[in-house]
Amino acid sequence: MGRVGLMSLIVTGLLGAIAVSFWFVQIVHGESYRELAENNRLRKLPMEAPRGLIHDRHGRLMVENIPSYNLLVDRSRTQDLGRSLRFAAEVLRRPLPELQALLESYRAVPEFKPVLLAESLTLSEVARIGVAGLEYPELEVEVRHLRLYRHGEQTAHVMGYLAEASEAEIAASQGALRPGDLVGKKGIEQTYDAQLRGRDGERVVVVDSHGRPLEEFGRSRAVAGQDMTLAIDLDLQQEAVRWFQGPEGVGSVVALDPRNGEILAMVSAPAYNPNLFARRLRKGEWQALLDAPNLPLTNRAIQNTFSPGSVFKIVMLTAGLTEKVVHEKHRVFCTGATVVYGRRFRCWKPGGHGWVDARGAMKHSCDVYFYHLGKALGIERIARYARMFGLESVTGIDLSGEKQGLVPDPAWSLRARKAKWYPGETISVAIGQGPVLMTPMQMAVMTAMVANGGRPVTPHLVKGAKPRTRPDVPLDRHALEVVREGLWAVVNQPGGTAHWSAYIAGLDMAGKTGTVQVVAQSARTKNENLPFRFRDHAWFSSFAPLRDPRLVVVVFAEHGGGGSRTAAPIGKAVHEKHFASALERLAVR
Amino acid sequence: MRSISRPLSSASPFAEERPPLKALSSLDGGLLMATLLLAAIGLATVHSASSELALDYLPRQAMWVAAGLVLMVVAMSIDYHVLLDFSLGFYLVGIAGLVLVLFFGVERGGAKSWFEVGPGQIQPSEFAKLATALFLARFLAGLNRRVLDLPQIAGAIGLVLLPMVLVVVEPDMGGAALFVPLLAGMLLIAGVHVRLLAAATLVVLVLGTAVWSFGMQDYQRQRVITFLQPESDPLGAGYQVRQSKIAVGSGELAGKGYLQGTQSQLRFLPARHTDFILAVLAEEWGFLGVATVLGFYGLYIVSAARVAQRARDRAGILVVVGLLSVFCFHVLYNSAMVVGLLPITGIPLPFLSYGGSFTLYNFLATGIILGVDLRRYVNR
Numbered sequence: 001m002g003r004v005g006l007m008s009l010i011v012t013g014l015l016g017a018i019a020v021s022f023w024f025v026q027i028v029h030g031e032s033y034r035e036l037a038e039n040n041r042l043r044k045l046p047m048e049a050p051r052g053l054i055h056d057r058h059g060r061l062m063v064e065n066i067p068s069y070n071l072l073v074d075r076s077r078t079q080d081l082g083r084s085l086r087f088a089a090e091v092l093r094r095p096l097p098e099l100q101a102l103l104e105s106y107r108a109v110p111e112f113k114p115v116l117l118a119e120s121l122t123l124s125e126v127a128r129i130g131v132a133g134l135e136y137p138e139l140e141v142e143v144r145h146l147r148l149y150r151h152g153e154q155t156a157h158v159m160g161y162l163a164e165a166s167e168a169e170i171a172a173s174q175g176a177l178r179p180g181d182l183v184g185k186k187g188i189e190q191t192y193d194a195q196l197r198g199r200d201g202e203r204v205v206v207v208d209s210h211g212r213p214l215e216e217f218g219r220s221r222a223v224a225g226q227d228m229t230l231a232i233d234l235d236l237q238q239e240a241v242r243w244f245q246g247p248e249g250v251g252s253v254v255a256l257d258p259r260n261g262e263i264l265a266m267v268s269a270p271a272y273n274p275n276l277f278a279r280r281l282r283k284g285e286w287q288a289l290l291d292a293p294n295l296p297l298t299n300r301a302i303q304n305t306f307s308p309g310s311v312f313k314i315v316m317l318t319a320g321l322t323e324k325v326v327h328e329k330h331r332v333f334c335t336g337a338t339v340v341y342g343r344r345f346r347c348w349k350p351g352g353h354g355w356v357d358a359r360g361a362m363k364h365s366c367d368v369y370f371y372h373l374g375k376a377l378g379i380e381r382i383a384r385y386a387r388m389f390g391l392e393s394v395t396g397i398d399l400s401g402e403k404q405g406l407v408p409d410p411a412w413s414l415r416a417r418k419a420k421w422y423p424g425e426t427i428s429v430a431i432g433q434g435p436v437l438m439t440p441m442q443m444a445v446m447t448a449m450v451a452n453g454g455r456p457v458t459p460h461l462v463k464g465a466k467p468r469t470r471p472d473v474p475l476d477r478h479a480l481e482v483v484r485e486g487l488w489a490v491v492n493q494p495g496g497t498a499h500w501s502a503y504i505a506g507l508d509m510a511g512k513t514g515t516v517q518v519v520a521q522s523a524r525t526k527n528e529n530l531p532f533r534f535r536d537h538a539w540f541s542s543f544a545p546l547r548d549p550r551l552v553v554v555v556f557a558e559h560g561g562g563g564s565r566t567a568a569p570i571g572k573a574v575h576e577k578h579f580a581s582a583l584e585r586l587a588v589r
Numbered sequence: 590m591r592s593i594s595r596p597l598s599s600a601s602p603f604a605e606e607r608p609p610l611k612a613l614s615s616l617d618g619g620l621l622m623a624t625l626l627l628a629a630i631g632l633a634t635v636h637s638a639s640s641e642l643a644l645d646y647l648p649r650q651a652m653w654v655a656a657g658l659v660l661m662v663v664a665m666s667i668d669y670h671v672l673l674d675f676s677l678g679f680y681l682v683g684i685a686g687l688v689l690v691l692f693f694g695v696e697r698g699g700a701k702s703w704f705e706v707g708p709g710q711i712q713p714s715e716f717a718k719l720a721t722a723l724f725l726a727r728f729l730a731g732l733n734r735r736v737l738d739l740p741q742i743a744g745a746i747g748l749v750l751l752p753m754v755l756v757v758v759e760p761d762m763g764g765a766a767l768f769v770p771l772l773a774g775m776l777l778i779a780g781v782h783v784r785l786l787a788a789a790t791l792v793v794l795v796l797g798t799a800v801w802s803f804g805m806q807d808y809q810r811q812r813v814i815t816f817l818q819p820e821s822d823p824l825g826a827g828y829q830v831r832q833s834k835i836a837v838g839s840g841e842l843a844g845k846g847y848l849q850g851t852q853s854q855l856r857f858l859p860a861r862h863t864d865f866i867l868a869v870l871a872e873e874w875g876f877l878g879v880a881t882v883l884g885f886y887g888l889y890i891v892s893a894a895r896v897a898q899r900a901r902d903r904a905g906i907l908v909v910v911g912l913l914s915v916f917c918f919h920v921l922y923n924s925a926m927v928v929g930l931l932p933i934t935g936i937p938l939p940f941l942s943y944g945g946s947f948t949l950y951n952f953l954a955t956g957i958i959l960g961v962d963l964r965r966y967v968n969r
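So the protein sequences, as listed, match chains R and A.
Counting in my numbering, the first sequence runs from 1 upward without gaps.
Counting in my numbering, the second sequence runs from 590 upward without gaps.
These aren't lab readings, by the way, just hints derived from the structure by calculation.
Certain hints may be false.
[As the list claims (entries may be wrong)] What the simulated footprint calls covered on chain A by chain R, stretch by stretch (three residues with Cβ under 8 angstroms from a Cβ of chain R suffice, anywhere in the stretch; the number is not a length):
1. 684–696
2. 716–722
3. 874–884
4. 898–911
5. 926–936
Here a beta-carbon is modelled for each residue, glycine too, at the ideal position from N, C-alpha and C.
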């Protein structure tokens, strides 16, 4: 077939002609193209999309972006790198060897890629470098947005922080992230990263041999990230933070709306300063955060679990009344101790409470009453009600890393401890000691369920977020009513455990104190005389007003001492702040 | 239509006998070598082109090449007469795929030409190309005439036009254009007067130029240009050509070295792991690298042409010529586009460009060509 041969000849001829074209472009005109490539006549300049701003529920700005000037050096365009470095060191007032060492660390980066020499230049430094731009074309000043958290540590665990995207995050983003991009690593910044981030744009400009833009070749727009409004009330947040200062200010406060789960305040102390992360962390700074006492990077509201202490009596009484194990009028006589399962259990009040019924047991937090109730209910039923109140599930808050609590029962004991459940442990669990554990956020949801009649709200930080709701829990309405009245008496009746420290005239606040022993101790040792790390944990969980509850406040003071002494006044202060205007109106009248 | 696996010289007394597989030593070494070397060069260049992207495409492309090699061996071991017997089925499946992709396909770069299948994507037009080549070969081989008459030519054109129009609708102009060399190459071999073909080409050219120059307003021309370039790069085609030429030119004689291409590594070059992969290679390996690669393409083309020339029957010649024509068009157009001679269209470079369906297609086509060569001896 002659035709096939002819065709192959023509094609190879064309292939040869194309090879000749490459010869022309690469060999004949190669030098001029090389020059073009070296000068990067067309440069792509990224246009950073501003990240969304974050406001509190009243529209007050909490997180914004401020411009920051960075000094870059393009090593491929230098005539005398040493001279430029001396100049930079002089302008920045930094030792020359430090800059040289920094540059040395960029060895592996291709020469034509500008590398970062210094961050957060002052305007006068920017001006000096700009003036000397012709002399040192390899020095470039880049403007970037820097995240500014106006309230620093106060909102650290709400906001989280930004850091360079990890390789895994880049791979998962399907092209939305590039190496070096900043992404939210914790808090709101992480959960709502996609909305906050926006989309970077790009400008292509023709530049002269010094890299200065001459004209624009084309551009794609940057799309700003979405602004967000949080449910957080800045006043409430700051009021709660105020109580956790100094080295012994360790703990957590959660305030939420029991009607819809909106979080009005979430504090975990100690905290870190998220503004540290806005610029690249120096090695020492990160290590210092990791080594700091009391784990400032941990969000105690959702990431640490603790024994609930006497607050657990809310679960106990609800279970007892719903299961009709005990009648609300049934009375128990407390002598200060009782014997159950052949072992003596002491009430917290050595002299005893005398006759107490359901409301009175709650009001006085009488341990003896709940020892008997615990024995009557049995661990299986206690565990079932604890689960109903959400102790064994996460609350579903819009933050990552949430932990769930622990509801102990015989099956758990065999599985986790490889040991049999002892009946005596049931008695400990009855007053919230022993292995039962929960997070402050779980306690807030539990308290909200008491307040709203059994509806497990999903706590959330972003206002208007529509979180997945869980079905209502079948709790006896009258039982909850009795529990609520007991909790009201705790704060509002003389003799209630929190009456002396949390009573607010004009506000029907209901609450429960809890004190968790950290080490076994004789009843006579005063907490204040113990070293900090051996002191008791203090809880106070509350809601107000009694009819139509609108605010739940949970206070956890780690090694704070007694619940009524340390935690209750904080809860009182937060309620007062929230209902301040209503209370004022009342006072005027 | 009668079965193709019956020899066309139906006078043969050994009509039902299939030609046995000759020893593998009769495989065309040049063709095989060019294929394997080009694929290897492709893997290295894909890595370099995508090393600065969020995703390195090397592992995926390596997977495609491995799958392609398997398919090549499978295609090689099946008698091409059997493939031709099934070609009507292939053709119909190909058409169905092209129709379905218009409804269920995912849009990428403005064209609906991909099926989303699990984690990957399939481009049905690659399969349709192969199926059309096989079916057209069967159609033309069955005619068995020295010179085709007009209705026969019209039939062949219609057969190619159907899938081509479906690809135009997606719209994927580059993909559609590839059906033209397929038709032209096979018609030429099947027996068309060169005068007729030349006349047709001339008429189209003159008419097209006339309409373009006198019959259209500026904005209409712009629309056609935009239509022909569906890659909606916000920075326009001018930017791409310019960046590609800078990349190629600055490579000079010996290149800047592997992974050292500033144009490619700095992301100046668009689509650099697919349509513009040759520019990456040119920048990093210089003219020597380009000449080597073009040499391997030349070797592939000359070897495949030799396979066609010594093929056992008309059907074999037609199959090889059809597939080879498409291959040549890919190579010529893409390399001319990268060096700035032709406008930019999405026509990738065989074995070098990243792409799943496209890589599989090339290995399949090579396997079929090798299969024709293995069965070149008429066994008597």
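> Which hints, by number, does the structure contradict?
Replying inline: 1, 2
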